[in-house]
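**Q** Read off the chains here:
2 protein chains.
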Amino acid sequence: MKVHPRCSYCLLSRVHLEAEQSTDDEELMHKAIIGGIEVMNSIYRPGMPAAELSTAIHRKAYAILNDNDPYRKMKELSSNTAARFLPVIRSHVFNGDGDDVATFKRAVLAAVIGNYFDYGVMGLDVPIDVFEDTFREHFRRGLDIDDTDRMLDKLSNVVYLADNCGEILIDTLVFEIIKKMGGNITLVVRGAPILNDVTMDEVKEFNIGEKVDRVLTTGSNAIGVCLEEAPQELKEALENASLIISKGMANYETLSEESYSPIAYLLKVKCDPVGEDIGAPKGCSVARLIE
Amino acid sequence: MKVHPRCSYCLLSRVHLEAEQSTDDEELMHKAIIGGIEVMNSIYRPGMPAAELSTAIHRKAYAILNDNDPYRKMKELSSNTAARFLPVIRSHVFNGDGDDVATFKRAVLAAVIGNYFDYGVMGLDVPIDVFEDTFREHFRRGLDIDDTDRMLDKLSNVVYLADNCGEILIDTLVFEIIKKMGGNITLVVRGAPILNDVTMDEVKEFNIGEKVDRVLTTGSNAIGVCLEEAPQELKEALENASLIISKGMANYETLSEESYSPIAYLLKVKCDPVGEDIGAPKGCSVARLIE
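From first to last, the protein sequence lines are chains B and Z.
For what it's worth, this note's numbering labels the leading residue of the first sequence as 1, then goes sequentially.
For what it's worth, this note's numbering labels the leading residue of the second sequence as 1, then goes sequentially.
In case anyone wonders, no lab produced these hints; they're calculated from the structure.
The reader is advised that the hints may include incorrect statements.
For chains that are exact copies, the list does not tell them apart, and a pair is met inside one copy or across any two.
[What the hints assert, rightly or not] No farther apart than 27 Å at their CA atoms in a straight line, the calculated lysine-lysine pairs in the DSSO-like style are these: (1) 235 / 73; (2) 31 / 282; (3) 179 / 60; (4) 60 / 31; (5) 2 / 73; (6) 235 / 31; (7) 73 / 211; (8) 270 / 179; (9) 204 / 235; (10) 31 / 204; (11) 270 / 60; (12) 282 / 180; (13) 180 / 60; (14) 73 / 180; (15) 235 / 179.
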């Protein structure tokens, strides 16, 4: 996905958010913003990949803040919240009617909704009854773009690109049903902390390795997947996959610039530029397959 | 008011808004954004007056867009909407209980609510019943900071700094009651188009000159009041006023950097930095007197 004028101010607002997460020093917050402005001033150009800009800006901000993981607390909160509600979500997915195919579709929907919860968009500290209601409402609404039927014959060797902390626990429901259906799963997480994305730390903390066949990393803290920084075995896994499942906007932004296929983008549309690019307005639940 | 980290991305979002108002050319929108980034890169520093940055950024954007008034249509819409609802608002102000003092207080409240309506925050195209309900709701809530009592003995020679189109028509209700109470009014509008602010064009279009004793301008299209660009007679008027009434955030941002007094800030708080500075959260109706 190419950079959109909106990305400029969205990125500065993210820099401010991570500065606020990392420090109370107003002067340091200004410095992080100025760092972001400097990066934009030197590399922003129409037509550039959005993630090239965002990776550079976040790296600069992390360096100025002298903090390699400003989202530490936010990630913990996401993980704890998802862990708390996982049994409820699990029962929505596995205790419904129908066969494995129906369960797979429900698991994908839950995982897409999980992509929405992470950001604090709907709040992570909602009481259990409100959380359940909100999840139920999105679950009832279903997928706005639903290509899950066309994914069914492609589950033998899945590469699953994770997005955020918290959300990953809901993703395990997808892993579970794919395994039950006979599929193989390579999970891919970030090589180092960036935003509130999953790394090997959370994989270990929640024993997620046990639920898949293999775990790889993107090799760096780049936004999404930066192939220049990716290990060879990840590139091979992407080439050989029967299906790549890509969670969230950052993976979409980067992989939509590449030619791997078939690839299923599972995400909640959280901004207009991604919405325009993928063809669904903000708020939509998307499971789009590109073959 | 000093620049806040938030101003950086808010300003770029305004540049994008004015670019979208001015053109359909995506490339030109990018150029306007890049212009804003360049300005920030060269002059943004902690502790600088917020308006110094915003004036420079908007001037650069207008130059790149080759458009001296990108808000043309939005201003017309504001004016037309306010003109349409003015009789209703007028009846809220003048048909209430009590004496001139009570009417003055209601007129100030209506003018503060007028500062909220302009931005499209609550939409300018709402049907008449919704508009009325919304106005009524804010009117019932009243002022969150109310120093109007302390303004009453200072109305003999008022300098009234206008803010936005549309809103200015509601301001005329304040002019009317001040005149009835024996006061003199010097109205000040922008010297040239900037954002959706009032200029002499709207003063003439709506015969606003007839409702006050004198109309001056700020001498330029600077955000708020830039004294370096202001005519001598404006500076004298500000020095000699029995009360300066300053509408909106841009006038607040600039005059809070100066020492003129007494000065009454009438505004709806529309952003956190102004809210923190003036001591009232976003959404509040403020009539704060500084003596």
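**Q** Are the hints correct? Go through all of them and say.
**A** Evaluation of the provided hints:
Proximity of residue 235 to residue 73 under the C-alpha cut-off of 27 Å is found in neither arrangement, the shortest distances being 32 Å within a copy and 51 Å between copies. Taking CA atoms no more than 27 Å apart as the test, residue 31 paired with residue 282 passes between copies only; the shortest distance there is 25 Å, against 32 Å inside one copy. In this assembly of identical chains, residue 179 and residue 60 lie within 27 Å of each other by CA distance neither inside one copy nor across copies; the values are 40 Å within and 57 Å between. In this assembly of identical chains, residue 60 and residue 31 lie within 27 Å of each other by CA distance both inside one copy and across copies; the values are 10 Å within and 23 Å between.
Proximity of residue 2 and residue 73 under a CA criterion of 27 Å is satisfied in neither setting, with 31 Å inside one chain copy and 30 Å between copies. Proximity of residue 235 to residue 31 under the C-alpha cut-off of 27 Å is found in neither arrangement, the shortest distances being 37 Å within a copy and 36 Å between copies. Taking the shortest alpha-carbon separations for residue 73 and residue 211, only the intra-copy value of 25 Å comes in at or below 27 Å, while the best inter-copy value is 57 Å. For the homomeric pair residue 270 and residue 179, neither the shortest alpha-carbon distance inside one copy (30 Å) nor that between copies (51 Å) is at most 27 Å.
With identical chains, the CA atoms of residue 204 and residue 235 are at most 27 Å apart within one copy only, with a shortest distance of 23 Å there and 67 Å across copies. Taking identical chains as interchangeable, the C-alpha atoms of residue 31 and residue 204 are never at most 27 Å apart, the minima being 35 Å within one chain and 46 Å between chains. Taking the shortest Cα distances, residue 270 and residue 60 sit within 27 Å of each other inside one copy (24 Å), while across copies they are farther apart (30 Å). For the homomeric pair residue 282 and residue 180, neither the shortest alpha-carbon distance inside one copy (33 Å) nor that between copies (51 Å) is at most 27 Å.
Taking CA atoms no more than 27 Å apart as the test, residue 180 paired with residue 60 passes in neither setting, with 43 Å inside one copy and 60 Å between copies. For the homomeric pair residue 73 and residue 180, neither the shortest alpha-carbon distance inside one copy (34 Å) nor that between copies (59 Å) is at most 27 Å. Only within a single protomer do residue 235 and residue 179 lie at most 27 Å apart by alpha-carbon distance; the minimum there is 23 Å, versus 77 Å between protomers.
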